[in-house]
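Make a model of the complete structure from these sequences and hints.
Per our numbering, numbering through the sequence shown is continuous, rising by one, with the last residue being 605.
Please keep in mind that the hints were generated in silico from the structure rather than gathered at the bench. Any given hint could turn out to be false.
Using C-beta positions, here's what the derived DEER-type ranges look like [unchecked claim]: (1) T163 - G128: 19 to 27 Å; (2) Q254 - A498: 33 to 41 Å; (3) E381 - N481: 27 to 35 Å; (4) D221 - D458: 25 to 33 Å; (5) R562 - G502: 31 to 39 Å.
Even for Gly, the Cβ is constructed at its ideal location relative to N, Cα and C.
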Amino acid sequence: MIFTRWSAKLPGTQRRAAARSGRAAPRAAGAAPLADASAASGSGSVPAARAEGAADGTNPATADEPVPATAPPTVDALSVHDILGTLPALVAVVYGPEHRIAYVNGAYATVFGPRPAGRTAREALPELDELGLLPLLDQVLRGGTPRTVKSRRVPGGAGPDGSRDGYYTFTCTPIEVTDSGPAPGPEAACGAPHHGVLIFGADVTDQIESAERLRVSEARQRAAAVTLQRSLLPQELEQPDDLRVAATYQPGGTDAAVGGDWYDVITLGAGRTALVIGDVMGRGVRAAAVMGQLRTAVRAYARLDLPPHEVLQLLDGLAAEIDASQIATCVYAVHDPNEGRLVYASAGHLPILVRDPDGAVRRAAEPTGPPLGTGGWLHTSGSVPFGPGCSAVLYTDGLVERRDKDIDDGVEALERALSGATGAPDIVCDRLLRSLGITAAHDDDVAILTLQHPERTGHDAELFHNAALELHGGTEAAPRARAFASGVLTSWRFAPELHDLGVLAVSELVANSLQHGTPPMRLRLRRTDRRLIIEVTDGDDHLPRRRRAEPADEAGRGISIVATIASSWGSRRTPGGGKAVWCEFALPRG
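Quick look at the structure:
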């Protein structure tokens, strides 16, 4: 673009031989004075297209029709003022190394006020400095390349009365300003030719406000989705007697579509604890709904006190009924403090990581089956040692999966992080998140469940005791069990009332086992800081149930008596083919 005493030619056009006269350039309101574009030859106006005519003023092709006395105006006949002065966009022209003002249009003057021609931009256009455009003008003038800055806020730059802030995208384009006519004023005179910059500001206020409204709406929807997701997760984790547990959940990305990651801790009774974590693939309310149903089902199946693989077998069938198109993975583990092991089953989930007291980390990788809902697969259980001083981590793939790396690399990185992660379970969760680089901008949901089996010493160790007795059939088994229980409970310094209730529960459970069970039989007493646990095992897998005994019945009251005097009771099948019947008494606090 070449400005010839404040008139322009578009790049690639030729200098016209004759200037049009008699046409005064309109002046935009508030714009700097501009000379008549037709005052000199080489004016920026482009000649209108002409048709060849006959000498008598008629078209030779149609001799009967007269040619109009005046040709219709075309865009070539418009001056710079005609074009720039009527634009709603902000337009300003500056020239020279000091960026002196050559021209501002009416829209620019409306927003920023009139600007005197010939003054430097730093003096007369302070808004350019506030918008950060002055350095940009220098770059454009030196490099000759257009530059654009987007969505700059202009206070009071929107609305007919300037009642609200506006936003403009400014494009600075290099031009050439030449001297071919009288200057509009002594301050505006410039030597010819001069390089300058055309500043063009497009109003994007509506787009910015729409984008902000959309952002606020998405943030509100995301907050609602995250609230829904968190409401489906445990509001407070159950805290077992023998384990310390903590969990964390972090939704991924910034959109409203949260994922289906979930976890849970379920106390099974008799000191045993179920730990579960799962991931429903996909995002959105549908994935969250499936996740909520699976978590509820797991809690219901856990109450049956089944082995882990049987729980997953039931869950597999249910997942197919809920939504056959949704893929879900899950790992279900049970901790028994008497055995010092984690027994688990996995349905397509990532392996549990176990950290030994010396810092060595092991993967509980086998066995694992396909994801839930596939059907036709018999899940199996595995086990991994988990004694005092050990800790373990259950997690979802968002913690270790990256688009540019293999997932095994992520699991190995987690192993290294877990090896050096010490402290309480909640601290370990935070350290694992930091070590794996999980931030608020992470694009996938992350769930972590951390558990520790603490080593107890001193006074704390005095609150945890175990005692066991092998029972042999015969009439002497029940009296021997009562005597053993009485001696143990006395040594544990229980109150007389609790002592008597414990002996009574032992008598009823042993009598039930002697009558309905088969050898081998065993009595186990366990004390924690919160409860007394009594458990009797035998070789028969028939589970007892509570029933109402008729007045004339001589049997059938044992389980009812136990259920009445104990805080809770239950039974389960043992891996060897037998069963275990247990009851618990809550210890008084303090």
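Against the structure, the hints come out as follows:
{"no.": "1", "hint": "T163 - G128: 19 to 27 Å", "verdict": "holds, 24 Å"}
{"no.": "2", "hint": "Q254 - A498: 33 to 41 Å", "verdict": "holds, 35 Å"}
{"no.": "3", "hint": "E381 - N481: 27 to 35 Å", "verdict": "holds, 30 Å"}
{"no.": "4", "hint": "D221 - D458: 25 to 33 Å", "verdict": "holds, 31 Å"}
{"no.": "5", "hint": "R562 - G502: 31 to 39 Å", "verdict": "holds, 32 Å"}
Checked against the numbered hints given earlier, the structure satisfies every one of them.
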